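Chemist: Given these sequences and hints, build the entire structure.
From first to last, the protein sequence lines are chains A and B.
Oh and the first sequence: position 104 is 104 in the working numbering, straight run, nothing missing.
Oh and the second sequence: position 127 is 1127 in the working numbering, straight run, nothing missing.
If you're looking for bench data, these hints aren't it; they were derived computationally from the structure.
Predicted model, so just to flag it, every value in this text is computed and none were measured.
Treat the hints with caution; some may be incorrect.
What the hints assert, rightly or not - Not the full set, but computed from the structure, chain B residues with beta-carbon under 7 Å of chain A:
#1 Asp1065
#2 Gly1075
#3 Ala1098
Using N, Cα and C, we set each Cβ at its ideal position, and we do this for glycine too.
Each chain, written out:
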Amino acid sequence: MVTRLDTKIYDAATEVTWCPGCGDFAILRALKLALADLGIAPWQALVVSGIGCGSKLPDYTSINGFMTIHGRPLPIATGARLANPDLHVIVVNGDGDSYGIGGNHFLHACRRNPDLTHIVENNQIYGLTKGQYSPTSDKGFVTTTSPDGSIEAALNPLSVAIAAGATFVARGFAGEPKHMAQLIVEGIQHRGYALIDVLQPCVTFNRVNTYDWYRSRVYKLEENYDPADRLAAWLKAQEWEERIPLGVLYRSADSPSYEDQVGALKISSPVQSALRLAREPSPGQYEPLKAEFM
Amino acid sequence: MNYGEFVGDVQGRTRLRSADEAEAVVANVFRAIAEVLPHRNVEEMGGSLPAELMVYLRGAHEEPDPYFDEHLFLGWVVSTIDATGSRDKTAGGLDLYAHYSGDEAAYRCESVFAALKPLIKDGHRQLILSALPEGIAELFARA
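Modeler: This is the structure:
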C-alpha cells in the first residue's frame, strides 16, 4: 500500500499497554495506513473512544483524541461533527462499549446517518475487566460470568445495523491489516455513518475465538457481490458459524448525511463562526447581539 | 524425524507438561508461518518436513498480507498459553499474566524454530527468515 503520508506522523510516545498479540495492534496500524493513504493529517481528524481495552487507542496516536465515558462515543462524535463538519471523525471502541452499554446510541447513529466512521473492535468478550461474556459472545461461551456457558443469543451487529438504516456496513479481520485498512478508507470516504465491525481476537481472555478460529472461517466477498443490494447484504450478515464474510456488505450512496440536513450548517458551523469572530474582532459585530438583549 | 518426535523435541525445549500443549504450540507457530510465507515457497519444503507440518504450511496465501507484523505473529502463539479459570493475577493495575505472556510466546516460538531449523536446507531457512516479521525473524536467527 503506497500511502500519501508516512504513517509515522500518527505515532505517539505513549507506552502501549495492550496484551502482546492483541488484535488491537493491527487495528491501530490499519487506521494509520488508511489516514495516510487519504492524506489526512493528525489535526484534521478526531478519534473518539469509550471505555475498554480498544478504547485506549486514541492515547496511542498523535491524532486528536477524546476518550469518553462508557458507551457514549457515538453521541459525542456526532456532536463533534456538528460543531466542526470539516473534521474527519472516527469512533473506535469495543463490542461491549458499542453494542452493549452504547447499544441505544448505536441504533440511533444508524438511523441518523451522521458522517462518522465507526470501527468496532469486536473480540466477543469484555477484556479490560478480565473476561466476561459480551453482547457478541456466542451462546454457550464459558466465562467468569457465564460458568455454565452464556444462555443468551449473540447480537448480530451487522444485521441490526442494516435493519436500523445504516448506509455503510462492513466487516474486517485483525489478521488481515491491509484489507482492513482498505475498508477504513472506504468508510471514511463514505458520506454518512460507516460501521466497520472488526473481528479482533482477545488472546488473553477469549480462548475460543482465536486467530485460528477466525482464519478457518473468514472469506472475502466475491467480486460479483453487489453491496447496493440491501436484501443480499441482510442474507450475508446472517452467515456466522461456518463461514464469515469479510468486506463491504452494504453501501447506500444516495442517502444524505445527518449534517447535510441540518439547515444551520448550510450557513456556517459553530467552529467556523467562532474562528471568524476570533480572527476578525470588531466591536460592530456584537451590536446585533446587544440589540437583541437591550 | 517424524511428527511425534518433532512435537517431543518442542515439548522438551519448552518444558511443557503435556504433548498436547506442545502440539498446540507447534500448530499455532506453523499456522502463523503460513500467514507470512508465500504459498509458492511451501511445496519446496515437502521433502524435509513431516507431512503433518506441511498440512499447516499449505494454508499459506498466494500473497501474504504485507502488514502482518510481530504482534500478529505472537498473537497466534499467546493464545496457546492457558489462562482460562486461573486466578486473577492483577496487581496494582498490572496484569502479570498478560505482561509476561509476550515473553513466554516468544520463547515458545524460538523453541519451535530451534526444532525446525536442523530439518530444512539452508535455502529454506533463508526463505522463512526473509518472510518473518522483523522481531520474529530475530527469534528465528537466534534459535
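Chemist: So, for every hint listed, does it hold in this structure?
Modeler: So, going through the hints one by one against the coordinates:
no.	hint	result
1	Asp1065	holds, 5 Å
2	Gly1075	holds, 3 Å
3	Ala1098	holds, 4 Å
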